[in-house]
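So you can see what is in the structure, the chains are spelled out below.
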Amino acid sequence: GQNIDQPTEMTATEGAIVQINCTYQTSGFNGLFWYQQHAGEAPTFLSYNVLDGLEEKGRFSSFLSRSKGYSYLLLKELQMKDSASYLCAVKDADSWGKLQFGAGTQVVVTP
Amino acid sequence: DTAVSQTPKYLVTQMGNDKSIKCEQNLGHDTMYWYKQDSKKFLKIMFSYNNKELIINETVPNRFSPKSPDKAHLNLHINSLELGDSAVYFCASSQDPGTGYGYTFGSGTRLTVV
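Protein chains in written order, with our numbering: chain X, 1 to 111; chain R, 112 to 225.
Accuracy of the hints is not assured; some may be wrong.
[Unchecked claim] Straight-line distance between alpha carbons at most 25 Å, and here's what the computed DMTMM-like set of lysine to aspartate or glutamate pairs gives:
1) R/K155 - R/E193
2) X/K98 - R/E164
3) R/K152 - R/E135
4) R/K151 - X/D5
The hints are simulated quantities; they were obtained by calculation from the structure and are not laboratory data.
Build out the structure end to end from the sequences listed, making use of the hints.
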């Protein structure tokens, strides 16, 4: 099974940087995903890491350390529209496509 | 063009009723999923189908019965609805579950059982 932990809520000001940490314990691992979910909407795919290191995609970057069971999502130059829940999800090596999600981190961006 | 579409978006019904939620994807994906998001915002997998075949069934009560008439459709039928079934149900699809392609989610169905 999987145990995925991430902070419940983070607050930051517009233009700042926020780092959302995710730790996981897993019996098998085949990749880690980050999703963004605005209130009342569907989650949308942000990033995927399967090897150690940093993946950069515009203002968003995601990092993975498999030996530490740790990932973070870095949001730079925060904008008001970045206020949303950010979900960390781990793909189990044994299960066909199944993603185990964390409870999500609510990011609140203030002016 | 909506990639993954679910209907209805909202569903309010009484305990004991039977209801269905429909899902269709036009992405050509082979694998489709049903996830449940409860009030604490946890997304938990319920079922997965690959090319109309059931491949994941996560200890869901047998009141829930998925049906996949073809690989573009995955419907969810729920019998004898209970208060605890109130949640948002998301349909999703993926191109190749063995790779890094993420899911594409539908917009969700908010089910309220009263």
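The hints, checked one at a time:
For the suggested pair R/K155 and R/E193, the alpha carbons sit about 18 Å apart, so the restraint of at most 25 Å is met. This hinted pair checks out: X/K98 and R/E164 have alpha carbons roughly 15 Å apart, not beyond 25 Å. Taking the CA atoms of R/K152 and R/E135, the gap is about 24 Å. The hint holds against a cut of 25 Å. A hinted pair counts as satisfied when its Cα atoms are at most 25 Å apart, and R/K151 with X/D5 qualifies at roughly 14 Å.
Every hint, counting from the list given before, is met by this structure.
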